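**Q** Once you've looked at the hints, dock chains B and C against the given chain A.
Residue numbers (this note's numbering), protein chains in the order written: chain A, 288 to 628; chain B, 1409 to 1707; chain C, 4 to 408.
No lab work stands behind these hints: they were computed from the structure.
All values reported here derive from a predicted model rather than from experimental measurement.
Even glycine gets a Cβ: it sits at the ideal position worked out from N, Cα and C.
Honestly, I wouldn't trust all of these hints.
Said to hold, decoys possible - Cβ-Cβ distance ranges computed for the label pairs, FRET-style:
1) C/K203 to A/S438: 50 to 60 Å
2) C/F400 to B/G1470: 24 to 34 Å
3) A/V301 to B/R1588: 45 to 55 Å
4) B/H1672 to A/S438: 30 to 40 Å
5) B/G1496 to A/V476: 30 to 40 Å
6) C/P366 to B/V1477: 42 to 52 Å
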Amino acid sequence: MSRLATVRAAVTAVALVAGIVLVYFLPHADRIGYIKGSQLGVYFIAILGLNIVTGYTGQISLGHGAFMAIGGYTTAILVSEHGVRDLWTIPIAALVAGLAGFVVGVPALRLSGLYLALATFGLALAMPAILSWDKLDAVTKSGQEIQLFNSPHLLGKGFEDVHFLGRTLSFNHAVYYLTWGIALLLLAVAWLILRGAPGRAFRAVRDSELAATSSGVRVATYKTLAFAISAAYAGIAGSLFVIALAFADPQSFPATLSLTLIVGAAVAGLGSLWGVLAGAAFVQFLPDFAVHISKAQGVPDTVYGAALILIVLLLPTGVAGGLRRALSPLTTRLYTRSQSQ
Amino acid sequence: MTQFLQQVVAGLASGSIYALLALGIVIIYRSTGIVNFAQGEMATFTTFVAWTLVDHGVGYWGAFALTLVIAFAGGIALERTIVRRVEGGPVITAVILTIGLFILLGGLSNWIWKAEVRSFPPDRPFPTSAWDVGGVAISKQDAGILAVTVVLVLALWALFQLTKLGLALRASALNPTASRLVGIRVGWMLALGWGLAAALGAVAGLFTAAANPPLDPNMMRPVLIYALAAAVLGGLESPVGAIVGGLAIGVVLNLIVTYDTHVHLDLDRMRIPMAFLAILIVLLVRPAGIFGRTAVRRV
Amino acid sequence: MSRVLFIATAALLALGIPVAFGGTQADPGITATSIHIGGTTPLSGSAQAFQSVAKGADAYFKYVNSRGGVNKRKINYEYLDDQYIPSETVRQTRVLVEDKDVFAIFNSLGTEQNEAIRPYLNTKDVPQLFVATGGTTFGRDSKQYPWTIAYQPTYIAEGAMYGAYIRRTSPKQKIAILYQNDSYGGDLVKGLERGLGPRKSNIVSRVSYAATDDNVQSQIAQLRSSKAGILMLFATPKFVIQAYQYVNGLGWKPKIFVNAVSSASNVMVLSSSQGKNKRVEGSISIVFLKDPNDPKWAKDPAVLLYRKIMKRYAKGSNIKDVYNLYGMSVAFTFVDALKHAGKNPTRASLMRAATHLNERNNPFLLPRMSVRTAANDHYPLDQARLQRWHNGRWISFGGLLKARS
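This is chain A alone, in the form it adopts within the complex (with noise of 0.2 Å):
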């Protein structure tokens, strides 16, 4: 082991353990609780997905709301019509949602840059209405809101404690722990296939397709293979929002979502995935912050877009690339920035 890799892997852990600690620690901060402790897990899984695709392979997913709507639909169909037990239904959303992310990632091998993002963006828009279309009644239930409240399949029927491992956990401490418990192996699955031979690839691809389909890399095959399994996060992601609310309609899984994924991941930085906290953390608490500041009309808009602006003008690699920046030595600098430009 090189000395900067030694550097880098210790630099790592004390990252991991920090983000554990913090995660562990989050919910007893002023205003936050579990349940928003819950909700910014379920960023956390979605925004990781979304930087594998967009930040590792360079195809720009405005429409993940939606495979978090297929993964969330998935779970909520499953408890409350065929009485499947809640925590089997997120493999089986994973699965859904993937498939429905290699199937919309072939036609996506066509389309370049915004074209992409624009027909994805397409997705996202369309998604609700499609869940609410009269003709996909026998599916989705057109639109009406799927109640899972009280259903015996679902932990702790959505509100009782929860027994686990000998322990007595309130509802929303369980629903707190699975999703990160998930969001934490998910991030490990993550570091494994990006620092492995398909991260390679997928690198290749983004940088530059011709140089990488003539050193072997089959495009196609790992263009596809990144939106599926980017899909399949965000399909979990949706399946755990659903759990812990037990709630799902189409109006929860709005283009505004989707939305406010990409604006995560950039703010995360593109291409690193230890930015991903801070990148939900913003999507999830600006918005409570911005309400803070005051309840006037327009204003917590505002204020909301004015620091998205702010946060791209000053950290345009996102929080994680600043980082590098601050940490690494000075020819790594260099480096960096002539890459970012």
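**A** Positioned in the frame of chain A, the structure of chains B and C alone reads:
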């Protein structure tokens, strides 16, 4: 038949509004390679500026003209101060920036003008009365808006194709480095693109407030969806494509939803999915849109 | 490295130390000097215009607090943003109940939004007071959901009033309907059919729009081809204003009924294009509040009080917005219920008071209207008057009618 034609007329009316907003999106894309998600909110903001002028006693047309100037200057200022910093960078950064502008401008409109519903003086810009053509009512307002839209597209075409300024605009967008070498002030050309787009947005906003009243801070959000669809359908960089795309979306959606009453596919809530299905099909057949040119791949 | 992650995950899960909660004594959210209530409202997003319902109520509570509160308790009304998205309503309501320990949920806005939180609040025995929607289910299903109570006349009742009036005055006219394709529009249509009774077959055309549409020109053109003599506008203000313009432009001259959500006089003035659009003249709607823009209430003490409170406690708000006054009316009723909930209210005693109201002095309602409820009657406001638009203002006609379905 009357029903059919009436729906076509209504579709052209909606479509010309989509086209006008799409036109601004196209101009910005051509000049700076950015898809401006904030185009609708820019339009709303400037329309409120116009309303404020009218409210302070400026005549409608005076306010209209003044607003175009203000919007033009505002667009240039926006590009010079903020947008400039993300040009030429990663596509995603620019996307996030315009999303930020969308949220900020929407917030400001709501903050400054509140949620109060408002309107402009009646029969502005055109009379709301209609001609009766064989049982089909054609609103003078809708006809006027469509005519202005067509004239604006022709004027833009002439500007880009026939004038020296247009040549400089196109050159700066296509190859900034080479343009700089031949003495074009590329930065100002890009700013000019934003200025033009902002002014076009103001026209779109003022027409929307007239044709789809009332004037309210959220009025352009549904329009933006169809305008984006229109711009993509037309190939993102073709003004003619934007107008054809906009009109086509307006007319086809109306006809499908109207005649669905015989087929019962319950398509009345499916306007947005249908618009994007159309985009998807077009993009798969022609990845650069109907009127777009396929870019040469970088090697 | 991955092993570190797994161990960390396991450690994190194991750290989930149980927190034992003692038995409850007093209900949460209430002390000798304060009562903390909460609710949701759209502070951002497409429906943010409706936030005045919360802001008007908040202003009224601040006014009450400035005069000593209720039984020396100050009312602290915390409304959170749900962006008009039902799942956000669920999340924010859970935050209010479980993290912020509110005593009751009050005046949350929207039909789907209140439906989404109803099972939760009823399971937890938290009062869901005076929901800000005309959804019929909140009054009708009180047996199943005893902790939920409605406020305004239901949309079905409103539709039935129009139906009964049409059946009486123009039983032969054909009817066309523009409605929003959700439960709000659907309930109004249902009520209209009920009121028309045997004349239901007079409805010759019904066309819907989605709240996400940009305009309803196509819909109005479709309705016009039915050649109906009556047009029902069961739509929100934006689409009502458009409908009047398109009806006029198409040279169609039906008699128009406009639902109460969109019949505030400032909306009607806009619809009439400063009097130029003659189609607005003669329109019919229902009314139960004093419209602050109506000259006939200009000197009314309640409207003067409304203006005073708005100026002092809701700075920067739009005084012309009648939803503020709606908020004050519902806040007045809440204060009334709280006064009757005993010296030391519990959730149960507040709910009992809310379901045994006999309030004859709510100044913001039309004269002689009362707010009455009973254990099996969760419809506080079940009266309204018909009104006709004439020469730039609403004129009520007929007496107070029962608005109950």
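**Q** Now tell me if each hint is right for this structure.
**A** Hints and how they fare:
no., hint, in the structure
1, C/K203 to A/S438: 50 to 60 Å, "violated, 39 Å"
2, C/F400 to B/G1470: 24 to 34 Å, "violated, 44 Å"
3, A/V301 to B/R1588: 45 to 55 Å, "holds, 46 Å"
4, B/H1672 to A/S438: 30 to 40 Å, "holds, 33 Å"
5, B/G1496 to A/V476: 30 to 40 Å, "holds, 35 Å"
6, C/P366 to B/V1477: 42 to 52 Å, "holds, 50 Å"
The earlier numbered hints that this structure contradicts are 1 and 2.
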